[in-house]
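I would like the entire structure built from these sequences, with the hints used as guidance.
For the protein sequence lines, the chains are U and V, in the order given.
Take the first sequence: its position 197, counted from the start at 1, is 197 in our numbering, and no numbers get skipped.
Take the second sequence: its position 250, counted from the start at 1, is 250 in our numbering, and no numbers get skipped.
Quick caveat, the hints were computed from the structure, so don't treat them as lab data.
One or more of the hints may lead you astray.
[As the list claims (entries may be wrong)] For each label pair, taking beta carbons as the anchor points, the in silico distance ranges come out as:
(1) U:86 - V:192: 39 to 45 Å
(2) V:75 - U:414: 53 to 59 Å
(3) V:112 - U:87: 23 to 29 Å
(4) V:225 - U:69: 33 to 39 Å
(5) V:75 - U:354: 50 to 56 Å
(6) U:87 - V:122: 22 to 28 Å
(7) V:249 - U:320: 51 to 57 Å
(8) V:23 - U:403: 54 to 60 Å
[Said to hold, decoys possible] Part of the chain U face toward chain V, derived, beta carbon under 8 Å:
(9) 95
(10) 333
(11) 420
Nothing here was measured: the structure is a model prediction, and the numbers come from that model.
Quick reminder that beta carbons are idealized off the backbone N, C-alpha and C, glycines included.
Residue-level listing of the chains:
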Amino acid sequence: MIFKKGFKKGGIHLPEHKEETENKPFVNGPIPKKVKIPLLQHIGKPAIPVVNIGDKVDEGQLIGKMDGEFSANVHSPIMGNVTEIGEIYTPTGIKSKYIGIEFSGGIKNWNKINTNWEKFKENEILEMIKNSGIVGLGGAAFPSHIKFNPPKPIHTLIINGAECEPYLTVDDRIMQEKVDSLILGIEILKKILKPKNVYIGIEDNKVSAIEILEKKMNGIAEVVTLKTKYPQGGEKQLINAILGIEVPRNKLPYDVGVVVTNVGTAYSVYEAVIKEKPLIERFITIAGQIVKWPGNYKLKIGTIIRDILEDVRVLTLPKKVIIGGPMMGIAQYTIDTPIIKGSSGILVFSEEEIEKKKEHLCIRCGRCLNVCPIGLFPSLMYSEIYSNNIDRVKEIGIFDCIECGACSYICPSQIPLVTYFKSAKINLKYEKSYYPNKIPVVRRWRYANKEE
Amino acid sequence: MDNYIILYSTLSLLILGLLFTYVLIFSHKKLAVPVDEITKKIESLLPGANCGACGYPGCSGYASAISRGDAPVNLCSVADEETVKYIAETIGVSVDNLTKKVAFLKCQGTSLKANLKFEYHGILDCWQGKTMFGGHKVCEYGCLGLGSCYKACPFDAISMTAEMLIKIDPTKCKGCGLCVQVCPQGIIVLLPHEEEKKVYQVACFSNAKALEVRQSCQVGCIACGLCVKNCPVNAIKIENNLAVIDNNICISCGKCEDVCPTKAITHIKKHTFERIV
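In structure tokens, the structure reads:
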């Protein structure tokens with residue numbers, strides 16, 4: 001096919017850096033001696049702990065019960081004893097309660113295979129997904145039992161295998177290695193969602209994954225080859241690329257009759273329904289030039305990053321460790337943080353690899369306007385934030401920003417635009433924080449006088 | 001022929017000019033909006049900073065509220081005592097107990113004294129700094145020094161320093177309280193400011209236990225209770241691992257400042273600060 005599909009507005013072409021790990025098959029990581037499992041790993045309310053210090057827990061046992069519907073269950077990834085309950089910052093920068101478990105020996109075999117899953121009712125499957133604590137594994141960690149129970153009937157299910165972030169190769173490897181399980185997972189999703197069409201969107205740089213899936217699919221889902229362009233894997237961008245429709249402002253995909261889910265989530269749905277195994281492990285890409293053994297690993301949730309980096313042999317002292325992709329991931333201040341359900345990669349950089357950016361003034365070149373996938377005006381929003389005109393920023397649509405980082409990447413003045421938008425969003429959320437509109441007028445007047 | 005053109009154009013412009021003059025005179029006299037003389041006078045007396053500390057939309061709004069009799073005359077925290085007395089004379093009311101207030105930062109943890117978690121390279125906004133792992137200082141209660149209050153201050157009383165701590169100049173501060181509103185940590189308080197008496201206050205806001213405070217900051221309050229024992233009028237209490245001084249009881253003897261082992265107790269100092277940023 002000559003004309004490949006892609007989203008219409010904006011987008012950037014990034015250096016991919018995937019060659020380091022894309023051919024490395026999954027390796028099971030060692031069982032950690034100690035894990036710290038945060039109770040807020042998802043969007044919504046934190047889970048309530050149901051174990052106490054000194055309790056013995058089994059692998060896969062429920063340790064955090066969901067608080068209300070908009071929350072997710074948390075399970076113990078190892079057999080062991082609960083040693084501490086405290087507070088810790090998760091890799092996303094939020095403070096959360098955690099449960100510390102020390103490994104006591106023994107592993108559980110997840111041998112059970114439900115061959116008769118086709119006889120399960122839909123609400124039974126949804127209940128299984130809910131009990132397994134599955135959240136979206138693409139990064140946002142939205143509770144899956146809410147996503148797979150849309151209030152309106154839907155017509156299209158899109159499986160997201162785009163993986164547009166550089167360095168990350170987990171979804172690519174799942175599509176190559178776990179293809180049979182993935183197809184079963186998609187079939188289960190088809191049963192509960194009843195879509196008319198199922199698409200699986202893959203960027204054209206994953207040649208072998210496309211080949212394998214096209215061979216194995218047999219009409220279960222249609223494989224759509226997409227252009228390699230960032231942010232192709234964004235939910236709204238993917239809908240735009242595959243179906244050609246745009247999700248309206250302040251609306252979710254199910255409002256246009258679509259559900260988008262990640263390849264990793266579909267795989268964990270398979271594990272939850274067929275094997276009855278809760279979400280206690282996830283696939284993670286570990287990459288970086290100073291890592292001796294970069295690759296794709298299967299790690300227990302709650303493993304401390306320091307232990308992981310020791311296992312993969314980091315050669316020199318890392319200067320920067322990012323959890324997630326390089327565009328939307330978050331740099332960590334300490335490597336004593338545990339990995340959580342939404343962490344899709346660990347990127348390790350030495351001092352030579354990172355460049356410190358110095359912010360300059362906006363030169364109004366308009367490159368950010370060209371690359372914004374939503375069609376916003378980043379330069380205008382920036383200048384309004386700069387002059388404290390926060391209400392105007394809301395009018396021009398700051399809440400439509402998906403924080404993809406394309407504008408910050410392209411900016412020749414190296415302005416961290418996304419950081420400004422994030423901070424403006426926080427300020428608008430807390431309302432009282434930004435100063436009233438009249439204040440900057442006074443300051444502007446004063447500075448005008450000073451310059452004379 | 002050419003001379004006539006000049007003559008005609010001059011005459012027509014003259015006639016037009018006279019016509020517009022009469023239109024303007026008519027509109028000035030007949031369509032004028034009546035302005036209350038007292039409101040006008042009060043507005044000219046008020047500082048004109050439009051800070052909104054009085055709760056009215058700018059100085060003109062407050063002036064009209066005073067002349068209507070809806071608002072007391074001492075709401076403006078920017079105006080000094082003489083101005084308020086003059087306004088009171090203008091509308092014919094008496095006024096007593098004018099307390100001036102100044103903002104006070106309950107933190108002394110510069111980057112030399114307080115331990116840092118990480119180097120912060122982001123944008124200068126306290127709310128952004130706080131959401132990333134709770135700020136770049138180990139102490140989660142302290143001043144982040146990223147200058148949200150600096151941007152909000154209309155009187156140039158707040159300056160940012162390179163030591164990750166803001167400084168408030170009490171001579172410039174008018175006590176409008178805008179910095180108190182914008183601070184995400186809530187560590188700026190308004191204190192009564194008096195000429196003679198020193199106003200003592202605990203410059204720490206940490207509710208953490210003594211060990212944590214000691215590990216994170218050299219100048220934090222560890223709630224040891226020495227100030228409580230030495231206070232002659234019992235103005236100090238320990239609440240939630242933090243000493244609190246009641247300024248209504250305090251006699252400004254200064255004993256607490258002398259005995260404090262971590263030098264967390266201080267008073268509003270009147271010298272101006274050297275401006276760095």
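Quick rundown of the hints versus the structure:
A C-beta distance of roughly 41 Å is found between residue 86 of chain U and residue 192 of chain V, which places it inside the suggested range of 39 to 45 Å. Checked against the given bound of 53 to 59 Å, the beta carbons of residue 75 of chain V and residue 414 of chain U, roughly 46 Å apart, lie outside it. Our hint of 23 to 29 Å for residue 112 of chain V and residue 87 of chain U holds, since their Cβ atoms are close to 28 Å apart. At about 48 Å, the CB distance of residue 225 of chain V to residue 69 of chain U disagrees with the hint of 33 to 39 Å.
A hinted range of 50 to 56 Å holds for the C-beta pair residue 75 of chain V and residue 354 of chain U, which are about 53 Å apart. Between residue 87 of chain U and residue 122 of chain V, the C-beta spacing of about 23 Å keeps the proposed range 22 to 28 Å intact. Between residue 249 of chain V and residue 320 of chain U the beta carbon distance is about 52 Å. The supplied range of 51 to 57 Å therefore holds. Judged by the Cβ atoms, the range 54 to 60 Å given for residue 23 of chain V and residue 403 of chain U holds: they are separated by roughly 57 Å.
The criterion of a C-beta within 8 Å of any C-beta in chain V is met by residue 95 of chain U, whose closest approach is roughly 6 Å, and the hint holds. For residue 333 of chain U, the interface hint holds, the least distance from its beta-carbon to any beta-carbon of chain V being 4 Å, beneath 8 Å. This hint holds: residue 420 of chain U has a C-beta 6 Å from the nearest C-beta of chain V, less than the 8 Å allowed.
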